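> Sequence order for the protein chains is A and B.
For reference, each letter of the first sequence is one residue, going 451 to 746 in the working numbering.
For reference, each letter of the second sequence is one residue, going 451 to 746 in the working numbering.
Take the hints with a grain of salt, since some may be wrong.
Among chain A residues calculated to face chain B with C-beta under 7 Å, some are [stated by the list, open to error]:
{"id": "1", "residue": "D541"}
{"id": "2", "residue": "Y614"}
{"id": "3", "residue": "G638"}
{"id": "4", "residue": "A690"}
So the derived list for chain A, only partly shown, Cβ under 8 Å to chain B, looks like this [said to hold, decoys possible]:
{"id": "5", "residue": "S707"}
{"id": "6", "residue": "T709"}
{"id": "7", "residue": "R711"}
Read the hints as simulated data drawn from the structure, not as lab findings.
For clarity, every value in this text was computed on a predicted model and none was experimentally measured.
All C-beta atoms, glycine included, are put in the ideal place defined by N, C-alpha and C.
There are 2 protein chains.
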Amino acid sequence: MIRTIAIAALPALALAAEPPAKPVSLADLLEASTPAEWRELDPDSTMYLELPAGRVVIEMAPAYAPANVEAVRKLVREKYFDGSFVIRSQDNYVVQWARPEGDERQKAMASVKVKPEFDRAIDAKLEFTKLPYPDTYAPEVGFSQGFAVARDAKRGRSWLVHCYGSVGVGRDNDADSGNGSELYAVIGQSPRGLDRNITLVGHVVRGIELMSVIPRGQGAMGFYEKASDYVPIKSVRLAADLPVAERIPLEALRTDSATFRKVVETRANRREEWFKEPVGRVGVCNLPLPVRVKGV
Amino acid sequence: MIRTIAIAALPALALAAEPPAKPVSLADLLEASTPAEWRELDPDSTMYLELPAGRVVIEMAPAYAPANVEAVRKLVREKYFDGSFVIRSQDNYVVQWARPEGDERQKAMASVKVKPEFDRAIDAKLEFTKLPYPDTYAPEVGFSQGFAVARDAKRGRSWLVHCYGSVGVGRDNDADSGNGSELYAVIGQSPRGLDRNITLVGHVVRGIELMSVIPRGQGAMGFYEKASDYVPIKSVRLAADLPVAERIPLEALRTDSATFRKVVETRANRREEWFKEPVGRVGVCNLPLPVRVKGV
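Let's have the full structure, built from the sequences with the hints guiding it.
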């Protein structure tokens with residue numbers, strides 16, 4: 451039975467410290483973590499996007515894109531995305547959602563500009579867990595506040611990077627032409643060539659698999675050609691604006707915690723019997739953030 | 451209108467040579483190529499996998515996995531995969547297909563072993579177009595015979611790497627437990643940690659988007675829990691075994707051609723107006739192979 455190629459998959463991880471007697475799963479590693487190593491998602495920076503297939507949870511990164519996150523929050527609170535649609539699904543690239551072209555509210559947003567936040571100054575107060583492995587696109591990569599980031603110490607800049615599940619603000623040719631009314635999520639190989647060229651505002655922490663199976667658009671660049679192909683978005687809400695009973699109490703492993711460092715080490719050095727050849731490396735977009743429902 | 455985030459997408463590329471007066475599309479670049487820069491896919495190494503949604507075309511790499519490619523060819527010629535199923539769809543990872551567990555032919559294959567071909571000796575006669583950019587996982591990466599490959603000159607080894615669309619041979623814990631009767635295709639972020647730990651036999655050159663939208667399995671590791679969830683595979687054929695009229699005459703850009711080098715350069719250095727910050731790099735898994743229907 452060969453079904454155990456699956457053992458090479460995401461769930462199984464070995465412990466970091468001494469070579470263990472037997473491999474320990476990621477679940478074991480997380481179970482051994484302390485409560486202080488987890489942080490609740492900030493309800494003011496957490497969006498629930500309701501697709502016909504279920505809820506997608508997006509965590510925003512105000513430390514990296516304060517103006518754009520605030521613009522998205524404002525639109526969400528105006529219920530701008532209620533009655534919006536997934537208008538684009540391009541294979542190995544992005545799904546994108548917006549109000550339909552020509553819609554009055556969409557037209558009203560067309561001239562609104564929000565300053566681009568493609569990168570930011572490195573701030574020593576903003577923690578950075580560096581990966582000790584080379585990256586194709588940036589001098590340094592790692593994690594900051596749960597987000598995959600890159601840094602260029604020489605230029606003193608840091609930025610969110612495009613990984614599977616990253617969420618960004620669509621824009622036209624002008625750098626400041628994005629305004630949060632059109633958003634995209636990455637559903638394929640990390641398009642790192644977009645880094646520092648468009649504003650990322652966060653990442654999907656739950657439900658990306660509901661987006662990645664949305665039928666691809668047949669038009670250029672994956673746009674749907676017929677409005678009847680659009681996938682309706684019933685509503686988008688900030689967690690903070692929902693009654694507590696309707697929220698999902700998610701918490702994420704702190705990426706500056708000892709357990710997260712173990713996760714990184716064990717993803718780079720897989721010790722399960724299945725693995726034959728040591729790898730010793732792991733890419734910044736190959737490390738999913740551990741997220742769980744609090745108290746479960 | 452912000453729909454033009456799409457301009458940053460896969461299709462638009464600028465010419466490599468002199469900074470052009472205006473950006474030139476990938477289509478223009480390919481149109482300027484010479485016929486000799488293209489190669490027809492070898493019909494003996496090209497598989498057509500028929501899903502309900504359409505045909506998936508897989509090109510195999512006999513130079514990198516001769517025994518495993520031969521094993522797959524033999525199974526295909528025995529119509530082993532007619533009546534097989536997609537039995538697994540794990541988000542951001544792989545779809546996997548096989549005959550259902552317990553099926554007589556599946557059981558008969560359970561003990562068949564084919565030697566692992568996780569890597570091979572570097573052979574100067576096998577062309578290698580090296581990318582001049584660093585890679586997280588390997589000392590060198592580039593392309594060989596159309597396939598994304600890595601090399602370690604110190605160890606004298608070369609291997610196919612796991613990118614979006616890569617196709618491999620599922621195996622159990624024993625390195626030689628794969629036999630070609632269970633195959634997988636990558637549908638998410640390149641799982642490069644599998645490189646040199648499992649035998650890759652090729653890549654999807656057409657129709658990966660039919661696989662990537664297959665509903666995710668709800669069981670562990672994306673396996674379907676109910677046989678009624680399986681996605682049926684009507685047949686798998688070698689192009690060579692079909693009448694010419696039923697083949698798709700695909701040709702791929704030679705990865706050792708001048709035009710492919712221009713494609714690489716222009717993907718690393720996007721010159722369209724949309725781009726604001728030079729990137730100057732491109733990853734081995736961010737370079738899709740140009741493939742077209744001959745004579746169209």
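> Determine for every hint whether it applies to the structure shown.
For each hint, the structure was consulted:
A distance limit of 7 Å between C-beta atoms decides the matter here; for A/D541 the minimum to chain B is near 4 Å, and the interface restraint holds. The interface hint given for A/Y614 is met, as the beta carbon of that residue sits about 5 Å from the closest beta carbon of chain B, less than 7 Å. At about 6 Å, the closest approach between the beta carbon of A/G638 and any beta carbon in chain B falls short of 7 Å, and the interface hint on this residue holds. Contact between A/A690 and chain B, as hinted, is not supported at the beta carbon level, the nearest pair being about 27 Å apart and thus beyond 7 Å.
Because the smallest distance between the Cβ of A/S707 and any Cβ of chain B comes to about 22 Å, over 8 Å, the interface hint for this residue is violated. Because the beta carbon of A/T709 sits about 20 Å from the nearest beta carbon in chain B, more than 8 Å, this interface hint is broken. At a threshold of 8 Å, the smallest CB-CB gap from A/R711 to chain B is about 17 Å, leaving the interface hint violated.
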